[in-house]
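*Asks:* The residues making up each chain are set out below.
There are 2 protein chains.
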Amino acid sequence: MEKLHELEQLVAPIRDDLLSGAAEIALRAITAFQTMLQGTEQMSVKEVEQRLISTAHALTEAQPAMAPLFHLSNKVLLAVKGAKSVVEIHERCQDALMKFEKQLCESAEAIADLAFDLIPPGELIFAYSFSSTVVSALVNARSKGRFFRVVCTEARPALEGRKFATMLAAGGIEVMHTFDNALGLVLPQCRAAFMGLDCLGRPGVVNKVGSWPLAMACKELNIPIYALCGTEKFVDDERVFEFEKHDRPGEEVWENAPKGVRILNRQFELIPLSWLSGIVTENGILTEKDIGSYVSKLEVHEALKLESSAFL
Amino acid sequence: MEKLHELEQLVAPIRDDLLSGAAEIALRAITAFQTMLQGTEQMSVKEVEQRLISTAHALTEAQPAMAPLFHLSNKVLLAVKGAKSVVEIHERCQDALMKFEKQLCESAEAIADLAFDLIPPGELIFAYSFSSTVVSALVNARSKGRFFRVVCTEARPALEGRKFATMLAAGGIEVMHTFDNALGLVLPQCRAAFMGLDCLGRPGVVNKVGSWPLAMACKELNIPIYALCGTEKFVDDERVFEFEKHDRPGEEVWENAPKGVRILNRQFELIPLSWLSGIVTENGILTEKDIGSYVSKLEVHEALKLESSAFL
Numbered sequence: 001m002e003k004l005h006e007l008e009q010l011v012a013p014i015r016d017d018l019l020s021g022a023a024e025i026a027l028r029a030i031t032a033f034q035t036m037l038q039g040t041e042q043m044s045v046k047e048v049e050q051r052l053i054s055t056a057h058a059l060t061e062a063q064p065a066m067a068p069l070f071h072l073s074n075k076v077l078l079a080v081k082g083a084k085s086v087v088e089i090h091e092r093c094q095d096a097l098m099k100f101e102k103q104l105c106e107s108a109e110a111i112a113d114l115a116f117d118l119i120p121p122g123e124l125i126f127a128y129s130f131s132s133t134v135v136s137a138l139v140n141a142r143s144k145g146r147f148f149r150v151v152c153t154e155a156r157p158a159l160e161g162r163k164f165a166t167m168l169a170a171g172g173i174e175v176m177h178t179f180d181n182a183l184g185l186v187l188p189q190c191r192a193a194f195m196g197l198d199c200l201g202r203p204g205v206v207n208k209v210g211s212w213p214l215a216m217a218c219k220e221l222n223i224p225i226y227a228l229c230g231t232e233k234f235v236d237d238e239r240v241f242e243f244e245k246h247d248r249p250g251e252e253v254w255e256n257a258p259k260g261v262r263i264l265n266r267q268f269e270l271i272p273l274s275w276l277s278g279i280v281t282e283n284g285i286l287t288e289k290d291i292g293s294y295v296s297k298l299e300v301h302e303a304l305k306l307e308s309s310a311f312l
Numbered sequence: 001m002e003k004l005h006e007l008e009q010l011v012a013p014i015r016d017d018l019l020s021g022a023a024e025i026a027l028r029a030i031t032a033f034q035t036m037l038q039g040t041e042q043m044s045v046k047e048v049e050q051r052l053i054s055t056a057h058a059l060t061e062a063q064p065a066m067a068p069l070f071h072l073s074n075k076v077l078l079a080v081k082g083a084k085s086v087v088e089i090h091e092r093c094q095d096a097l098m099k100f101e102k103q104l105c106e107s108a109e110a111i112a113d114l115a116f117d118l119i120p121p122g123e124l125i126f127a128y129s130f131s132s133t134v135v136s137a138l139v140n141a142r143s144k145g146r147f148f149r150v151v152c153t154e155a156r157p158a159l160e161g162r163k164f165a166t167m168l169a170a171g172g173i174e175v176m177h178t179f180d181n182a183l184g185l186v187l188p189q190c191r192a193a194f195m196g197l198d199c200l201g202r203p204g205v206v207n208k209v210g211s212w213p214l215a216m217a218c219k220e221l222n223i224p225i226y227a228l229c230g231t232e233k234f235v236d237d238e239r240v241f242e243f244e245k246h247d248r249p250g251e252e253v254w255e256n257a258p259k260g261v262r263i264l265n266r267q268f269e270l271i272p273l274s275w276l277s278g279i280v281t282e283n284g285i286l287t288e289k290d291i292g293s294y295v296s297k298l299e300v301h302e303a304l305k306l307e308s309s310a311f312l
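These protein sequence lines are chains A and B, in that order.
So for the first sequence, my numbering puts the first residue at 1; every next one is plus one.
So for the second sequence, my numbering puts the first residue at 1; every next one is plus one.
The hints are simulated quantities; they were obtained by calculation from the structure and are not laboratory data.
Warning: the hint list may mix true and false statements.
Identical chains share a label here; the pair holds if one copy fits it or two copies do between them.
[To be verified] DMTMM-like cross-link-like pairs, simulated, lysine to aspartate or glutamate; straight-line CA separation at most 20 Å:
1. K259 to E174
2. K259 to E160
3. K163 to E252
4. K163 to E255
5. K46 to E91
I would like the entire structure built from these sequences, with the hints used as guidance.
*Replies:* Printed below as a string of structure tokens:
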């Protein structure tokens, strides 16, 4: 009972974190699994497995659009399947967590190297919302001597664009910042656009609300737009739509809105894959036609299958 | 000297009013002219004329994108031209002001009647920023028994969209409100879009920043978009670009932005005429090809010609 309370305490900051990118949040989820395993030495294999399943459910439901939370949970559950002792569960779980963390870091590095060549030297580029993958790609390019300027916008209502601007500026990049609907003032001056993403499947790409107008405007203006993401963001078709599950409180947009005014506060939206010029992953720059082969190979633990979770 | 100070006091609230529509602000400018005429009975004709010219310059420079401020000033200056006495100036000026006010009110009524037929019954429509012309058209349609729902967004950074939502809700209209970059979540559900505008000429339409992504998205989604405006918003080609003259303080977007981050805070932007389905005026629903004939007939007082004002 006490441990359930602890799980809620571990998951709440992940649910309420509107400022961090998906990769950042996944690193925090690793800690959640590690904490939930503490003190399980005297429990049965079945009990420990159940605890890991509860942790996996809590994490994936905290931010349903964030694919790395699903993949991390899925990898842990698949890894411990068939373990004969609690010690074995601990070992396999820790191994899965460390592999995932290593993969996240290596992905970011490989993506940054590929992104370098997509940044036009001396030009203005657009970057949206907050993505630790995009931050590291841009700061890496700057530190390798590529000079460019970045325009980014607020990303209302959570304003994670300010965190993004601050980190880029701290990395020695010249930043211009404006409000989200000023897209038409700045985008025509940009030579390329970059965004992170939360999950990706055959139906499209899920990212922070505001990505749809950006991608559409890039199409209209013939500006290449790239999504930077490791393949840990790839999910099966049904999971793509999980982002629609959770609306945020209206008060985050307008506190004390008058009677008769209903507030819509959704965090994520779907963008057609065909609107993106490329998806920059650790395995190269992919396009729409490449996605199917990745997604069809996904093995999903039964506790995380969307059909089964509906009955839990 | 004291009167100059008074002029500044009359104009400052107009310059800093980011929440009101152009028609509303024009009504306040009428008061400014009336106040500046007070106590001029003992002055010479030339001195009073000069005072009116100073008032006209102060008003048109306070909000360079707002065409009605230009037209009101222009009509006053043209009306008093050639007056033989201060009494005659007073009479002609008062007459021009009253005619302008009457025209604004009659325009709004005629536009509301035309807009009625453009509102699809029972559907969701999108409306952007704040425009008293749009408010009166929508509230008028509702009071005539047309049922529809309106989505509107914040219009950062001044958030005049909240004032808009509040006035629509007070007029009995069901309103859904969200942040500006949520355009892609709501617009596909809308059957028509409406906006006011600040000025219009052959190079395009000038309106609050955010109108460009809206109009582009309407084009992409095949949703008709109408600008509601009286012909007092029509200006000659050079004046269209006056909106670029004044950037607002960056602090209105982000107070205490970190070093290395430059803030862009511009209020207005240009939208191609071809992106609009129609311009709903007191003279009917016009399209791009109709604009030239209106603009070419404009008589501009020499004190308000853009070439001459550069030397003042």
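*Asks:* Would you mind marking each hint as holding or not holding in the structure?
*Replies:* Against the structure, the hints come out as follows:
1. K259 to E174: Close across copies (10 Å), not inside one copy (44 Å); limit 20 Å.
2. K259 to E160: Between. Shortest inter-copy distance 17 Å satisfies the 20 Å Cα cut-off; intra-copy 29 Å does not.
3. K163 to E252: Both ways: K163 and E252 sit 18 Å apart in one copy and 18 Å across, limit 20 Å.
4. K163 to E255: between (23 Å within a copy, 14 Å between copies)
5. K46 to E91: within (16 Å within a copy, 94 Å between copies)
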